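Top to bottom, those sequences are chains A and B. Heads up, the first sequence is in numbering that gives the first Met the number 0, so the first residue is 0 and it goes up one at a time. Heads up, the second sequence is in numbering that gives the first Met the number 0, so the first residue is 0 and it goes up one at a time.
Simulated from the structure, these hints should not be mistaken for lab results. Keep in mind the model is a prediction, meaning the values are calculated, not measured. Treat the hints with care, since some could be wrong.
[What the hints assert, rightly or not] Cross-link-like lysine-lysine pairs, in silico, DSS-like; alpha carbons within 27 Å at most:
1) K303/B with K174/B
2) K243/B with K172/B
3) K160/B with K239/B
4) K243/B with K303/B
5) K43/A with K172/B
6) K43/B with K21/B
7) K174/B with K239/B
8) K151/B with K43/A
9) K43/B with K88/B
10) K302/B with K243/B
11) K33/A with K86/A
12) K56/A with K21/B
13) K181/B with K71/A
14) K71/A with K86/A
15) K71/A with K43/B
16) K56/A with K97/A
17) K151/B with K43/B
18) K33/A with K239/B
19) K33/A with K172/B
20) K43/B with K172/B
21) K96/A with K82/A
22) K82/A with K97/A
23) K174/B with K34/B
24) K34/B with K71/A
25) K243/B with K43/A
26) K181/B with K21/B
27) K43/B with K43/A
28) K43/A with K56/A
29) K71/A with K21/B
30) K71/A with K160/B
31) K151/B with K243/B
32) K181/B with K243/B
33) K33/A with K40/B
[To be verified] Some chain A residues near chain B, calculated using beta-carbon distances under 10 Å:
34) Y24
35) Y48
36) L94
37) K97
Even glycine gets a Cβ: it sits at the ideal position worked out from N, Cα and C.
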Amino acid sequence: MISSDIIRGYTDTMILFIVSCGDSYGYEISRQIKEISDGSYVMKETTLYSALTRLEKNGFITSYAGLHDGRKRTYYSITDAGKACYKDKCDEWELTKKVIDNFIVTDTQQEGK
Amino acid sequence: MEIILNYIETMFAGVPVTPDTKRLREDITANMSDKFDELTKEGKSTNEAIGTVISEFGSIDEVLAEMGIERTQPAASAAAVIPADPSAKIRGMIRSFGLLASTGAGVLVLALIWLSEFGLRGYQIIGVGSIGFFMLLAGMLLVIISVLMRTKLLAGGEPPKEIQQIVGARYEKVKVNAFRLKMISGWVKLAAMVLFFMTDPMAHYSVNGTIYMTFLMSAAFAADVFVRVCDRTYRRVLGKPLEKLTAGGGVRALTVPFFTGAIAYMKFSGNYDGLNSSSEAGLLLMSLYIIVSVAAEMFDLAKKKNEQSAVREAQTGNK
C-alpha cells in the first residue's frame, strides 16, 4: 500500500490523465485508477471528490449531468487548461523523479559497496 | 445495500444541503452502489462487499474543506452506523409479534375456561367472573396488535437480498428450536389431558384438574401459536412457500381449541353433581377426538411411507 501522504500531490495528475482519455464519471474514474495501478492504489471516495472539486474550481475540468445504467451521474471532461496542467504535472514528475532518485539506494547498489 | 445507504446518511448528517453537497451525495451513492454490485458479482459475500465499500469511503471533511463548506454538526462515527447483525431488526420484530400473538392466544384460552368456570354460571358475573371478560378483551387486543404489526412488516415487501440471506441462515437455527418447542408443547398437552381425566370428572366440586389443565393448555397453545406465527412470517420474509398442512398437523392444531371448548361446554351445562349427561357427552367427544387424532397421525405416516417407497421404486427403476 502507498501512503496517502505521498500520493496526494499526484491524485490530480491521475484524474487528469483518465479524463483526457475521454469523459468519465466518479466510479469509472476510481475503477480505472485501481486498474491502471494494478490494484496497488485505491482512491478513497472522498479523496476523488475533493480532487474533482478542486480541478473544476481551477477550470481544469468541467462537469455535466448524465445517466448511466439508470443511475444519475456527473460526467467530467478535460478543458484545454486541464490538458496544459497535465503536461506541467508530467514535467514536474520527471524532474521530481530525477531529483529524488539521487537519494535512493537500491538493494543491488548496497550489495556492490 | 441498506447498510451502505445508512452509512452515507450518517456521514452526511450535519452537512448543509446545497446544490453541490446534494450532487456530491448522489454521486457518492451511485459510486458505492456500483462498487457493491461489482464486488458481489465477483463472488464476494455481502458482508465482505459492504466492508470494502465502506472502508474505501474516506472522510467527508476532506471534500467539504475543498468546497469551502462547514458542517453544522460534528462528524458521526462510522461504528455507530454498522449494526453487528443487519438481520437483527427483522428477527426481533418477528419474535416480538410472535410473542404478542402467542400471549394473546394463551390469555384467550385462559379466559374461555375462566369464564366457563367462574363467569357463566350466573351468580358471579360481576366479581371473579368479570376478570374473565377482561382477559378476553386483553387477549383479543394482543392478537389484534400482533396481526397489525405483522401486516406492516409484510407490507414492506421482501427485504433486500443481502439481509434475506442472513435471515435465511438464522431461520435454519430457528427451525431447530421451533421443533423442540413443538415437542415440549405436545408433551404438555398430553400431560394436561391426563391430569384432567385423572382428577376432574370424577371429583365433585373439585376444580383442581381444570385449573392445572387450563394453565398447561394455555401455555402449550401459546407455544404452538408462537412457533406457527414465527415460522409463517419467516417463510413470507424469505419468499419461501408455506408448509403444507398434514392431516395430523391439522388435528393437532385443533387440540387446544377443541379441548377447551369441550370443557367449557361441560362446565357450563354441567351442574357439578358429578357426572351427568353433558359431562358424559363432553368426555365422549374428547375420547372421539383422541381416536381421530391417532388416526390422522397414522394416515400421515402411511402416506409418507408410500411416498418413500415410490421414490425408492423410481430409483431402482432408473438403475
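Checklist entry - Of the hints stated earlier, which fail here? => result Of the numbered hints given earlier, those the structure breaks are 5, 6, 8, 13, 14, 16, 17, 18, 19, 23, 25, 26, 36, 37, listed in rising order.
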